[in-house]
Every structure is written in C-alpha cells, then in structure tokens.
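If you want the building blocks of each chain, they are given just below.
Number of protein chains: 4
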Amino acid sequence: MEHRVSYKVYYEDTDSLGMVYHANYLKFMERGRTECLTATGKSVADWNRAGIAVVVYAMNIKFKKPGALGDTVDVVSTFRIDSEYRGTFRQLVERAGELLVSADVEVVCIDKDQKLCPMPEELKRLAGTG
Amino acid sequence: MEHRVSYKVYYEDTDSLGMVYHANYLKFMERGRTECLTATGKSVADWNRAGIAVVVYAMNIKFKKPGALGDTVDVVSTFRIDSEYRGTFRQLVERAGELLVSADVEVVCIDKDQKLCPMPEELKRLAGTG
Amino acid sequence: MEHRVSYKVYYEDTDSLGMVYHANYLKFMERGRTECLTATGKSVADWNRAGIAVVVYAMNIKFKKPGALGDTVDVVSTFRIDSEYRGTFRQLVERAGELLVSADVEVVCIDKDQKLCPMPEELKRLAGTG
Amino acid sequence: MEHRVSYKVYYEDTDSLGMVYHANYLKFMERGRTECLTATGKSVADWNRAGIAVVVYAMNIKFKKPGALGDTVDVVSTFRIDSEYRGTFRQLVERAGELLVSADVEVVCIDKDQKLCPMPEELKRLAGTG
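Protein chains in written order, with the numbering used here: chain A, 1 to 130; chain B, 131 to 260; chain C, 261 to 390; chain D, 391 to 520.
Pulled out of the complex, with its shape left as it was, chain A reads as follows (with noise of 0.2 Å):
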C-alpha cells in the first residue's frame, strides 16, 4: 500500500547552490517512512518508549531533478519484508508528478540495547504480508 504525504521546501532545506542540499532529501524521507510508520496506529515516539525502533542500514539513493525553495514536494513510500529482520522502505520524491529523488531504503529494528530484533506485527502489516 502507498503512503503519501507532502511537505514544503523551505530556506533550511536548500543551500548556495540555489536547490535543495542532497542530505535534505533524506530528511523528506525520514517523515515519510514517520508518518508510514504512524499510520500503523503506532507513532515513532510510541514505538520508542516500548523500546523499539526501526533504523537505516543501508540506502541506495538516486538524485534525478533539484527541487528549490517554495516547491511542495510528495513523499512517497511503500514497504515489503525482506526477512525476519529485515525490510525495505521504496521511497519516492515528486513534484506535481515529476520524480525528483528515488531511494530503497533499507531498515531493521533494534532494542534499547541496540539488539537486532526481528519485525514486529505492525510492519508487517505495514508490508500487507502481517
């Protein structure tokens, strides 16, 4: 199932070349995979204090089109299980349709002793495989 959800760019995400700095991108996506993550009916700060949470592993990313200040950019995400432990977040980010960065972005969960542990229920929910 795809998750959408839509942020402006602003000052903070550009810099002096005059478009969006490439490590921004990733922060657009971090609240993507958030708000995904939330509409499990769980937000990332409720996953936390039950003393998980879904981290970055590995990021395979392409930077296709700049966006630039005032742009309203769509985040989009869908998730599939890899493994017991492991999944992978296929992210995009548009404007108006047009694509502008696309990333796999793969996670596992870890505990508050940063022990891999394996995915709970809601992924796989999330996955549509739960």
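Certain hints may be false.
Far from chain B by the CB rule (all over 12 Å, computed), these chain A residues [unchecked claim]:
{"#": "1", "residue": "L17"}
{"#": "2", "residue": "N24"}
{"#": "3", "residue": "W47"}
{"#": "4", "residue": "D113"}
Below, simulated DSSO-like cross-link-like pairs (lysine-lysine); rule was C-alpha separation at most 27 Å, straight line [what the hints assert, rightly or not]:
{"#": "5", "chain 1": "A", "residue 1": "K65", "chain 2": "D", "residue 2": "K455"}
{"#": "6", "chain 1": "D", "residue 1": "K452", "chain 2": "C", "residue 2": "K384"}
{"#": "7", "chain 1": "D", "residue 1": "K502", "chain 2": "C", "residue 2": "K325"}
{"#": "8", "chain 1": "A", "residue 1": "K65", "chain 2": "A", "residue 2": "K115"}
{"#": "9", "chain 1": "C", "residue 1": "K372", "chain 2": "B", "residue 2": "K138"}
{"#": "10", "chain 1": "A", "residue 1": "K112", "chain 2": "C", "residue 2": "K372"}
{"#": "11", "chain 1": "D", "residue 1": "K505", "chain 2": "A", "residue 2": "K62"}
{"#": "12", "chain 1": "A", "residue 1": "K62", "chain 2": "D", "residue 2": "K452"}
{"#": "13", "chain 1": "D", "residue 1": "K455", "chain 2": "A", "residue 2": "K112"}
{"#": "14", "chain 1": "D", "residue 1": "K505", "chain 2": "A", "residue 2": "K65"}
{"#": "15", "chain 1": "B", "residue 1": "K192", "chain 2": "C", "residue 2": "K384"}
{"#": "16", "chain 1": "B", "residue 1": "K192", "chain 2": "A", "residue 2": "K42"}
{"#": "17", "chain 1": "C", "residue 1": "K302", "chain 2": "C", "residue 2": "K375"}
{"#": "18", "chain 1": "A", "residue 1": "K112", "chain 2": "D", "residue 2": "K398"}
{"#": "19", "chain 1": "B", "residue 1": "K172", "chain 2": "A", "residue 2": "K65"}
{"#": "20", "chain 1": "A", "residue 1": "K65", "chain 2": "B", "residue 2": "K242"}
{"#": "21", "chain 1": "B", "residue 1": "K172", "chain 2": "B", "residue 2": "K242"}
{"#": "22", "chain 1": "D", "residue 1": "K502", "chain 2": "B", "residue 2": "K242"}
{"#": "23", "chain 1": "C", "residue 1": "K268", "chain 2": "B", "residue 2": "K245"}
{"#": "24", "chain 1": "C", "residue 1": "K268", "chain 2": "D", "residue 2": "K432"}
{"#": "25", "chain 1": "C", "residue 1": "K268", "chain 2": "D", "residue 2": "K514"}
Derived DEER-like restraints, expressed as beta-carbon distance ranges [claimed, not checked]:
{"#": "26", "chain 1": "D", "residue 1": "L489", "chain 2": "C", "residue 2": "D306", "range": "19 to 27 Å"}
{"#": "27", "chain 1": "D", "residue 1": "D472", "chain 2": "B", "residue 2": "T259", "range": "12 to 20 Å"}
{"#": "28", "chain 1": "B", "residue 1": "A175", "chain 2": "A", "residue 2": "A50", "range": "49 to 57 Å"}
{"#": "29", "chain 1": "D", "residue 1": "V445", "chain 2": "B", "residue 2": "Q244", "range": "19 to 27 Å"}
{"#": "30", "chain 1": "B", "residue 1": "L246", "chain 2": "D", "residue 2": "A440", "range": "26 to 34 Å"}
Simulated from the structure, these hints should not be mistaken for lab results.
Backbone N, C-alpha and C define an ideal beta-carbon position, used for all residues, glycine too.
Following the hints, position chains B, C and D against chain A.
Structure of chains B, C and D alone, referenced to chain A:
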C-alpha cells in the same frame, strides 16, 4: 493579524538530550515567517525573483519548555513595522496552547546587491499599517 | 578567559540566498560552547554521563554580516556566572577579525529529570570565579 | 590517493535515539569531498565562481555502527573517474579505525545552467588519471 501554522517534530529536529535541538526552533519560526509572507499573496520565491529578500538581523529568543519527538507545534506570528526599513515578527512556538519558545525577530529587506531597501507595501499591509 | 575555535563554512551551512542560513550560526556557537566546556577537562558527553546538561534558556543575537561558502569563521567565547543557577556565554563569530554575528547566550544546568541544578565548580572556574 | 579529514560530533549531529542522525553522515562526507576537492588547489567556492559545481547524482551507503556525541570521526575519501562525465568518491567514516559508515558517491559536474559538463582536469588529477 495573527498567523498560525503547525509542524510535526521529527527525528531531524531532536538531539541526544532527547528534546528539540535549540537551533531547530529557529527553523520552525522561519517556516512560520515564510507562510506568513506567502499569505500576502507573494511567496518567498516570488519575493526572491523580484530581487528582494526579507532577512533577520536580530533575534531575542526565550526557550521555556522543550519540545519532543512526535509533538505537533504551532508557530504563531504577528508582524509590526518599526521604521521605513525595519520590522519585527513576534513569534510563539506552542504545543497544545502551552508556550515552548517565544521570540522577537527583527527583519530588514535587502536587494540583490545586499543593499537595504524600504519595507515594501505588502509588508506594511501584513502589519496592518499599509 | 577567551576561548577560540575555528570552523569552515560548508554547503550544509548555506541557503539559497547564497549565504550562511541564520539558524546555522547557532550551531557554530554551540560548537564553540562545547569546546569551551571541554576545555574545563570534562567533555559534554562526560557532563551528560554525570547527569548534567548545560542548556540554553535565552539568546540575544545580532546578525551583522553574512558568512559565505568556504569562509573560515572563528567562534570566540567568554563565560560569566550570573547567579547560583545561571550563566552567560558572550559569543562572537568572526571572519578574519571582522564581526559577523554576536550573541549573549544564557544557560542553566539541568539534571536527568530536567530539574534546575546549581552551576557546577567547573563552570565557576571557567568563568574565573571558582 | 587517499584523503583524510577529521570532525567532532556535536549535539547538532545527533538525534533523540542518542546517536548520529543518519542523514548527518552525508554532511560529514560532503565536508570530506569539499576538502578533497580543495586539495586540488581550487576551493569549492572557486569552482562555483568558475561556473562549475560537482554534484551528487547517486549514492549507495551502508550504516554499520552508530557514532555518538563527542566522537571524533575520520572521513576517508578516494576518487575515481568513471567516464568523461562521471566520477565516484569512495568514502568511509571511521572512529579510531572502526568503520561506521561507507558509501559510493557518484558525482557529475554541472555548469551555471545546470548542464552536464566533462570532468575537469583537476578532477582527473585527483583520480590519478590526469
């Protein structure tokens, strides 16, 4: 006239003390000023294309209570003209009516050569004095 | 006693106006305070492990001249004790002796429960009053 | 040829999970590339003034271990030319020899009109092929 806009607190906004990193409140306030200016009918990108930037030259800020991951904060802004060349945004960052941060943000307008220019009509109208 | 530390301005620090984004000067100043505190013989991470955080509760800042990509800026910090519970960093951001930004940064110490605690001896020594 | 530069982890780099926020490693790596390019004898600001920007178009990154407040991290960079128009930085972020993050960062050069331009001689020399 009071302008209000809301934002979610994401991981990017927090630091290892577990709260919002102090400098990031300035980003929330800058977003609030951007939306406030856009409400004049001209976006900040439009202002830039017209050769004008509204820039901060002084700020007096009080950090009263800390925001945390997952909070929704409201940025409440009002604007007044101080002189031909200067204006002040009074800005509050609130969480469900509770004051987190307050600031007086003094701004000037500069042109493409970074020369001071008089407050444009739109800003006077925003202040209710145009 | 004056503490000095230098930083380079990178793309991450700038915005689409071509200069350093105003909120990012607060990061430079926070780095300066961090190094200043570390010079007491206890790093900020040490302070945190000891259950104490030095946090900003008010800031009065003037942005005089803009910094740009590739600049080296010096953060110059002095500290004074204001009361049993409060102290102020006076901080300047300079570029080759030219003042870009100045600020009074009022700080308090809080413990793990975010309760106010008295200024520790190290901070009094930093202020030259311990 | 391997280029090395070190940075301290400050509060700004961390998030409420108590570690370095994942997107901020990209800032450390961009600083590393900036210093690497500057070592060609031409700073990034010089490159910009000459109408050329070296921009990231793809990135493959692995987050292996988390950095924390107060850590000193080394950014280790090597560069290779992939074609007339493309090059790749291989970058490692290490802490006392321990690998935290590794990435392949694919870059192109663009001119003032954001048109692709061939890799300049300085970059070929940086790659040891000029």
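Should the hint that L246(B) and A440(D) are 26 to 34 Å apart at their CB atoms be regarded as holding? Because 31 Å falls inside the window, the suggested range holds.
With respect to the beta-carbon atoms only, verify the hint that D472(D) and T259(B) lie 12 to 20 Å apart. For T259(B) against D472(D), whose Cβ atoms are near 59 Å apart, the range 12 to 20 Å is violated.
Pairwise hint evaluation, K384(C) against K192(B), where the allowed Cα distance is 27 Å at most: Given pair K192(B), K384(C) holds - Cα atoms ~23 Å apart, limit 27 Å.
Does K65(A) pair with K455(D) here, judged by a C-alpha cut-off of 27 Å? violated (31 Å)
Mind checking the alpha carbons of K268(C) and K432(D) for me, to see if they're no more than 27 Å apart? holds (15 Å)
So if I understand the rule, the pair passes when the alpha-carbon distance is 27 Å or less; does K192(B) with K42(A) pass? Violated, at roughly 32 Å.
27 Å Cα cutoff - pair K268(C), K514(D): holds (25 Å)
Please verify whether K455(D) and K112(A) have alpha carbons no more than 27 Å apart. holds (15 Å)
Status of the stated non-contact between N24(A) and chain B (beta carbon gap over 12 Å): violated (9 Å)
Non-interface claim for W47(A) versus chain B (Cβ beyond 12 Å): W47(A) not clear of chain B: closest Cβ-Cβ about 10 Å, inside 12 Å.
Is K65(A) within 27 Å of K115(A), Cα to Cα? violated (38 Å)
Distance restraint between K112(A) and K372(C), which requires alpha-carbon spacing of 27 Å or less: holds (18 Å)
Hint check: violations occur at hints 2, 3, 5, 6, 8, 16, 27, 28; the rest are consistent with the structure.
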